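Using the sequences and the accompanying hints, generate a full structural model.
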Amino acid sequence: MAHARPGALFVVGDPKQSIYRFRRADIGLYEEVSAAVGDEVVLSANFRSVPGVVRF
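Numbering (our numbering), first residue to last: 1320 to 1375.
Errors might be hidden in some of the hints.
Pair by pair, the computed Cβ-Cβ distance ranges are [unchecked claim]:
{"id": "1", "residue 1": "1374", "residue 2": "1328", "range": "29 to 37 Å"}
{"id": "2", "residue 1": "1369", "residue 2": "1324", "range": "31 to 39 Å"}
{"id": "3", "residue 1": "1375", "residue 2": "1355", "range": "36 to 44 Å"}
If you're looking for bench data, these hints aren't it; they were derived computationally from the structure.
Note that this is a predicted model, so its numbers are computed, not measured.
Even for Gly, the Cβ is constructed at its ideal location relative to N, Cα and C.
In structure tokens:
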């Protein structure tokens, strides 16, 4: 990451998913990358569920 061009690194993460340790989730790695990158964009729209599930 030290030599990455601006805009060359795209990371997706959710610290709430770090509970899945059995799937090798690593909150420490997420926090390390998040601190190193600095910029954060929070999505306000859910692209994973259909509207009926979200409204339930």
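Okay, the hints, checked on the actual structure:
no. : hint                    : verdict
1   : 1374 / 1328: 29 to 37 Å : holds, 35 Å
2   : 1369 / 1324: 31 to 39 Å : holds, 37 Å
3   : 1375 / 1355: 36 to 44 Å : holds, 38 Å
Checked against the numbered hints listed earlier, the structure breaks none of them; every hint is satisfied.
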